[in-house]
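Between the sequences and the hints, there should be enough to build the whole structure, so can you do that?
Chain by chain, the residues run as shown.
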Amino acid sequence: MPDWARQVRARLSGLHLSPTREAEIVNELSQHLDDRYQELMAGGASADEAARLALSDFRSGNVLGQYMAPLRQSNSSPSRTPGAPTGRVLSDLWQDLRFAMRSFLRAPRFSIPALIALTLGIGATSAIFSVVRGVMLKRLPYRDPERLVAIWEGRLDRGLARNVIADANFVAWRERQKSFDFLGMVGQSRQNIVINDQPEETRGFRASADSLSAIGTQPQLGRLHTPEEDFEGNDRVILISHEFWQTRLGGRTDVLGLSLISNNRPRSVIGVMPPGFTIEGLPTNYLIPYGWTVERLRQAVGRGSSHAMARLRDGVSFEQALDDMQTIMAQLRAEAPQRNTNWSVSLVPIYEQTVEQIRPALYVLSGAVLLVLLIACVNVANLLLARSTVRQRELSLRTALGATRGRLLRQMITESVLLSMTGGAAGLLLAVLFHRGLIRLVTGNVPVPRLDQVALDTPVVLFTLLLSLVTGLIFGVVPAVFATGAANDALREGGRHGSGPRAKRVLSTLVVAEIALSLVLLAGAGLLIRSFIALQNVDTGMRTDGVLTARVTLSGQRYTSERSPGDFFTDVVSRLTAIPGVESASAVSVLPMAGPGIGTSFYRLDRPVPEPGQAPGAAVKPVAPDFFKTMGIAQLAGRDFTASDTLDSPRVAIVSDTLVRQEYPGEDPIGKRLNVAIGRAESGMNVEIAGVVSDIRMVSPADAINPAVYVPHTQLQSGVMTLVIRTSLDPISLTSSVGAAVRAVDSSLPIADVATMDGVVDATLARPRIVSTLLTVFALIALVLAGVGVYGVMAYSVAQRTHEIGVRMALGASTQSVFRLMLGGALRLVIIGVFTGVIAAAWLSRFLTTMLFQTERFDLMTFAATAVVLAIVATCASCVPARRGMKVAPMTALRAE
Amino acid sequence: MTGINTRVLDRELKKGSAELLILSLLNARMRHGYELSKLIHTRSGGQLMFHIDSLYPLLYRLEERGWIKGTWVEKPGERRRRFYKVTAEGRRVLAEQRKTWAAFVEAMRRVTGGENA
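Heads up: the sequence lines are chains A and B, in that order.
Each residue of the first sequence is one higher than the one before, counting from 151 in our numbering.
Each residue of the second sequence is one higher than the one before, counting from 504 in our numbering.
Take these hints with a grain of salt, some might be off.
To be verified - As a list, the in silico DMTMM-like pairs of lysine to aspartate or glutamate whose alpha-carbon atoms are at most 25 Å apart:
no. : chain 1 : residue 1 : chain 2 : residue 2
1   : B       : K588      : A       : D185
2   : B       : K541      : A       : D153
3   : B       : K578      : A       : E172
4   : A       : K328      : A       : E174
5   : B       : K588      : A       : E1006
6   : B       : K578      : A       : D896
7   : B       : K541      : A       : D185
8   : B       : K572      : A       : E174
9   : B       : K578      : A       : E178
10  : A       : K328      : A       : D464
11  : B       : K588      : B       : D556
12  : B       : K578      : A       : E954
13  : B       : K572      : A       : E172
14  : B       : K541      : A       : D198
15  : B       : K578      : A       : E189
16  : B       : K572      : A       : E485
17  : B       : K578      : A       : E199
18  : B       : K541      : A       : E199
Everything labelled a hint here was simulated from the structure, so no lab data went into it.
Computed from a prediction, not measured in an experiment: that's the story for all the values here.
See below:
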């Protein structure tokens, strides 16, 4: 019988048929020819004749080929060996991508944990990077910001590094300095500004014309104020921020020349600052001149509430300027020892001034997210490595079919980059959520400079993509090199899946690294949490529950000429006491925990006057009667202030326990007399001690306890006081009654910053709370990732050793011994990881030192607890696969061969 | 032996009348290629004859169009063969082509054979 198939195949050779299709056609046509042949034979033809006649059905000139050619099946694309080079880079890449996508979809147990790890790592990193960029990396919006400096005074012996400056010194600096083009003064201010007939307490800055020239930012509309307008009488002008213009004034076009009532005085709007304008990172609704006279500046006794800003003259270096200012300060110490002994001057570059507060927190958070990212990478590298070992047969097969090592390497790196880019895209989505949460967490709680500049903008997106790419390359290369290097051996091993000792060692190292890194984060979070708990448990010395607080800022001339602030607040407090549900009410100049109050020096009048700069310091607070009762501060001796302590009665004071122990050890302080450097007179104020109260923390729970002197608000009057009201009701429910009581005395006055005292204390803890919360979140992510990583590697290792387990069990090993064997290997890694982690954490904890309160950086309990938690999690994670190993049935395992 | 010139048949193949032939024959029941060629030869009284090199490309073309479908069928005692059957789409096409063909034949008859009728 002739070879029909050969005859048919010869006629199909010019076509691009797929091998299977060609086989089918050959088969079908051969049958046809055979049928014909058999029929002819049956009809009596000889074999040769039958074969010739059957084949004559094929006409000359390959008609079959011609008729087949237009068909689709004749034009199928050539078959490919996955991984075999085709010589075309782009199509190879596309092929790699499609192949990678398919292989990920086929192995969700690998790709889902890997994607989650990457999403978390990249998402957290992008969100934190957006903050770092907005707050620290973006250039400050000032002209030549590197030439701009803030100038402060300091008293290092009292721990005051950045203190507000003495007005009189400022005048002297201006007259003597040779280093600056402009030297001006700025200070925070609160004004009651009437908007739509409603007075509103509004925050802004006083700024002298020279400070604005130093900053060098031009207004968006109108002009800056001139040096002439700095002076009293010419100062009824106001510059407003773009934001204030848009939100409070509705962006009205006739804003220039508009008259705003500010603290009961009209001020004309002369300009609008550009959007996002800040003073040293702090948003400001307005800028107003000081309205000073040089005489008043020169004669001012204490230190006001401002610091200086200056622009370095061309050719003058920062160090030269500092030198110049220190020389002047030395002269001033000699000329006015009373004011300047022990005081020094410091220059701070404006960038430093803007970010120095927030920087430690941002560093710690950046470090934390990078650790999370690193853990995610290690995790994915682990998974990839484990997977590539499983895939060795596939890789070997492809090598055998003609794929080069470079080609496989590229294939595997494409896979990891695809994975990381997908993770990056998902991470970006997560970053959006994370970013929103972060902004919500921070806004209104912690002053973050330039928070409005923080955005997930193009550079952040680019950063994320680059990060993903680099991540993919880093965690992809190592497993890829291992996998492709081993590819040639896998087939030779007769199909048993095995990984070499080298891969196993890398895998173990990665697990150890992962555990160690997680431990670092956990320990850091643990330290911060412990520190935060310590902060929360600090006894402030006050009973803060059931107290409402609200600030009142008296405005305008009325309270210096018509009536005194003292009378006003006495009146208001008596009305507050009459509100039903109020147990007691009082007022204080600066509420404890709400910011720095007055700090000054004092001395015993029954002792010689101390040398200049040698007098002890104390916080001074003017308060109304019943302040101690309302705030739950214990009266230890003597009496409280009463209504009979007035401007005309003898000056009295109540001092704190610490002051008594420091100045009157073993003596009865009641009736003794002190000089306090405060008030209008250069000689200060002489007071008689009328009572002693227990200590309180003045600015924050983290403060040391310092001596305090309380004076009657009638004898040291303040235009800004905070009302405090103790009630048995819900404090906030009294808000409208308190507002009404104030308006009953002066209808033009608003109340501001209404809050419970608990809330005020809580607000001082906002920054540590946010930082420890974020670090805890990152640490938990790290813990989960570490758990997943250990689980993955253990599961893989158990799967690898199924055969071995089967043999052991067939030879009589008990399930318990198998479990111990499996777990033993894991525990060794856990112990090494925990040990390494503790060492690394102990070393890295140095970066937390500034953020810790009453907590040692080597806090034993934190480290021990962290190590235990991590060991438990890692052990649990390895128990699950180990148990699975225990359940291996010997026959199944052996049959799998 | 061949009554109609193969070149003429080839031309008809291209015009589509050959398709009508195949669809009609397969409409009754499924058949394999050799059976089809025999059937066409005998039913046309030896007038029509498909060569192997035009029959199969035609079948494959119809299959690609989705009008017929071939499947390998194994019957007891026989060898495995590829049988073709008409699809739903093929039946629709067949009905249409029959109508067109009838109209064409009628028109041709009227013009060319009118006097003889």
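Quick rundown of the hints versus the structure:
1. Of the supplied pair hints, the one linking B/K588 and A/D185 holds, its CA atoms being roughly 20 Å apart against a limit of 25 Å.
2. Between B/K541 and A/D153 the alpha-carbon distance is near 23 Å, which keeps this suggested pair within the 25 Å criterion.
3. Of the pairs offered as hints, the one joining B/K578 and A/E172 holds, with about 23 Å between alpha carbons and a cut-off of 25 Å not exceeded.
4. For the hint linking A/K328 to A/E174, the alpha-carbon distance of about 99 Å lies beyond 25 Å, and the restraint is violated.
5. Distance hint between B/K588 and A/E1006 is unfulfilled; the C-alpha atoms sit about 87 Å from each other, more than 25 Å.
6. The hinted pair formed by B/K578 and A/D896 fails the criterion: a straight-line CA distance of about 109 Å is larger than 25 Å.
7. The straight-line distance between the Cα atoms of B/K541 and A/D185 is roughly 11 Å, inside the 25 Å bound, and the hint therefore holds.
8. Restraint check for B/K572 and A/E174: satisfied, since their Cα atoms lie roughly 14 Å apart, inside the 25 Å limit.
9. Distance hint between B/K578 and A/E178 is fulfilled; the C-alpha atoms sit about 16 Å from each other, no more than 25 Å.
10. With a CA separation close to 11 Å, the supplied pair A/K328 and A/D464 stays within the 25 Å bound.
11. A C-alpha spacing of about 20 Å is found between B/K588 and B/D556, which places the hinted pair at or below 25 Å, so the restraint holds.
12. Among the hinted pairs, B/K578 with A/E954 is inconsistent with the structure: their alpha-carbon atoms are about 49 Å apart, more than 25 Å.
13. The straight-line distance between the Cα atoms of B/K572 and A/E172 is roughly 17 Å, inside the 25 Å bound, and the hint therefore holds.
14. Between B/K541 and A/D198 the alpha-carbon distance is near 22 Å, which keeps this suggested pair within the 25 Å criterion.
15. Distance check on the hinted pair: B/K578 and A/E189 sit about 20 Å apart at the alpha-carbon level, within 25 Å; holds.
16. Restraint check for B/K572 and A/E485: the C-alpha separation of about 112 Å exceeds 25 Å, so the hint is violated.
17. Taken as a hint, the B/K578 and A/E199 pair is broken in the structure, with Cα atoms around 30 Å apart against an allowance of 25 Å.
18. Annotation: proposed proximity of B/K541 to A/E199 holds, straight-line Cα distance about 20 Å (limit 25 Å).
Hints 4, 5, 6, 12, 16, 17 from the earlier list are contradicted by this structure; the remaining hints agree with it.
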